[in-house]
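Below are the chains, spelled out letter by letter.
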Amino acid sequence: RKEVEQDPGPFNVPEGATVAFNCTYSNSASQSFFWYRQDCRKEPKLLMSVYSSGNEDGRFTAQLNRASQYISLLIRDSKLSDSATYLCVVRSGNTPLVFGKGTRLSVIA
Amino acid sequence: GAGVSQSPRYKVAKRGQDVALRCDPISGHVSLFWYQQALGQGPEFLTYFQNEAQLDKSGLPSDRFFAERPEGSVSTLKIQRTQQEDSAVYLCASSASRDRPEPEAFFGQGTRLTVV
Chain A
10 RKEVEQDPGP FNVPEGATVA FNCTYSNSAS QSFFWYRQDC RKEPKLLMSV
60 YSSGNEDGRF TAQLNRASQY ISLLIRDSKL SDSATYLCVV RSGNTPLVFG
110 KGTRLSVIA
Chain B
5 GAGVSQSPRY KVAKRGQDVA LRCDPISGHV SLFWYQQALG QGPEFLTYFQ
55 NEAQLDKSGL PSDRFFAERP EGSVSTLKIQ RTQQEDSAVY LCASSASRDR
105 PEPEAFFGQG TRLTVV
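Top to bottom, those sequences are chains A and B.
The working numbering numbers the first residue of the first sequence as 10 and each following residue consecutively.
The working numbering numbers the first residue of the second sequence as 5 and each following residue consecutively.
The following block holds chain A by itself, in its conformation from the complex (with noise of 0.2 Å):
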């Protein structure tokens, strides 16, 4: 079992919908949690880190459950520009971040 694992998607909706991704993690002891977007042929960059009282950046909303293992990451009134790869992170101690496969999102006009 991956120790991270998102739906693939794509998840293709319209412009202003409102969109969620989930994602699980294996390793009860993870202790840091983030939302990376990765573009196409790009490098991954920060989107937001995920706080055990839930987290939000304008349009964008970070909830963690540490009981189910869970991390959601929800995206209200969808620019085109929001499409790209989701990719939901964890991190244990000082270990390296391990990444998830990634969710794609396309926005459509």
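There could be a bad hint or two in this list.
Below are the DSS-like pairs computed for lysine-lysine, each with C-alpha atoms no more than 30 Å apart in a straight line [to be verified]:
no., chain 1, residue 1, chain 2, residue 2
1, A, 88, B, 15
2, B, 15, B, 82
3, B, 61, A, 54
4, A, 88, B, 82
5, A, 11, B, 61
6, A, 51, B, 15
7, B, 61, B, 15
8, B, 61, B, 82
9, B, 61, A, 88
Partner residues aside, some chain A positions facing chain B, computed with beta carbon under 8 Å [stated by the list, open to error]:
no., residue
10, 52
11, 56
12, 63
13, 68
14, 76
15, 106
16, 108
17, 111
18, 116
19, 117
20, 118
Label-pair restraints from in silico Cβ distances [to be verified]:
no., chain 1, residue 1, chain 2, residue 2, range
21, A, 74, B, 74, 20 to 26 Å
22, A, 17, B, 108, 22 to 28 Å
23, B, 58, A, 29, 37 to 43 Å
24, A, 31, B, 42, 22 to 28 Å
Note that these hints are calculated values from the structure, not bench results.
We treat Cβ as the ideally placed atom computed from N, Cα and C, and that holds for glycine.
We have chain A; now place chain B onto it with these hints.
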């Protein structure tokens, strides 16, 4: 430069050829990571340095893969006797401190290796 720089951006190698991929991390960044990303997959961890010390090389797929960071800044990932399954994008990332609670890792644009 301001970001992580990798070279070459693209490399085509004949099967059996040796290749060397270079990473220039952000100046002053202590931690450096190498990842391999196959088409349609997320990045897979290869190896990790803190300064010049290679602390984890558990992700290197075989003994044909070797990485070094002799002076604690520039790193080189070497692949000997390349095989077709080595074709992937090799990403380098650096972060400021291993001990910060949530250090952001900054990635280079990667080297796309194609073995023919």
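Report task. May I ask you to test the interface hint for residue 106(A) with respect to chain B, counting a Cβ-Cβ separation under 8 Å as satisfied? Result -> With Cβ-Cβ at 6 Å, under 8 Å, it holds.
Query raised in the report: Does the alpha-carbon distance linking residue 88(A) and residue 15(B) stay inside the 30 Å limit?
Result: Violated, at about 35 Å.
Query raised in the report: Within 30 Å, alpha carbon to alpha carbon, are residue 51(A) and residue 15(B)?
Result: Measuring from Cα to Cα gives roughly 16 Å; hence the hint holds.
Requested in this report: Could you grab the alpha-carbon distance between residue 61(B) and residue 88(A) and see if it respects the 30 Å cut-off?
Outcome: Answer violated: residue 61(B) to residue 88(A) is near 40 Å, above 30 Å.
Requested in this report: Classify the hint on residue 63(A) as holds or violated, based on whether any CB of chain B lies nearer than 8 Å to its CB.
Outcome: violated (15 Å)
Query raised in the report: Is residue 61(B) close enough to residue 15(B), meaning Cα to Cα at most 30 Å?
Result: At roughly 23 Å apart (the allowed maximum being 30 Å), residue 15(B) and residue 61(B) satisfy the hint.
**Report entry** residue 52(A) as an interface hint toward chain B, with CB separation required under 8 Å
**Finding:** With a closest approach of 4 Å, the residue 52(A) hint holds.
Query raised in the report: Is the Cα-Cα distance between residue 61(B) and residue 54(A) 30 Å or less?
Result: holds (23 Å)
Query raised in the report: Any CB of chain B closer than 8 Å to the CB of residue 118(A)?
Result: violated (25 Å)
Report task. With a cut-off of 30 Å on the C-alpha distance, tell me whether residue 15(B) and residue 82(B) pass. Result -> holds (13 Å)
Query raised in the report: Is the distance from the Cβ of residue 31(A) to the Cβ of residue 42(B) consistent with 22 to 28 Å?
Result: holds (23 Å)
Query raised in the report: Is it true that the C-beta distance of residue 74(A) to residue 74(B) lies inside 20 to 26 Å, as the hint says?
Result: violated (44 Å)
Comparing the model with each earlier hint shows violations of hints 1, 4, 9, 11, 12, 13, 14, 18, 19, 20, 21; every other hint is respected.
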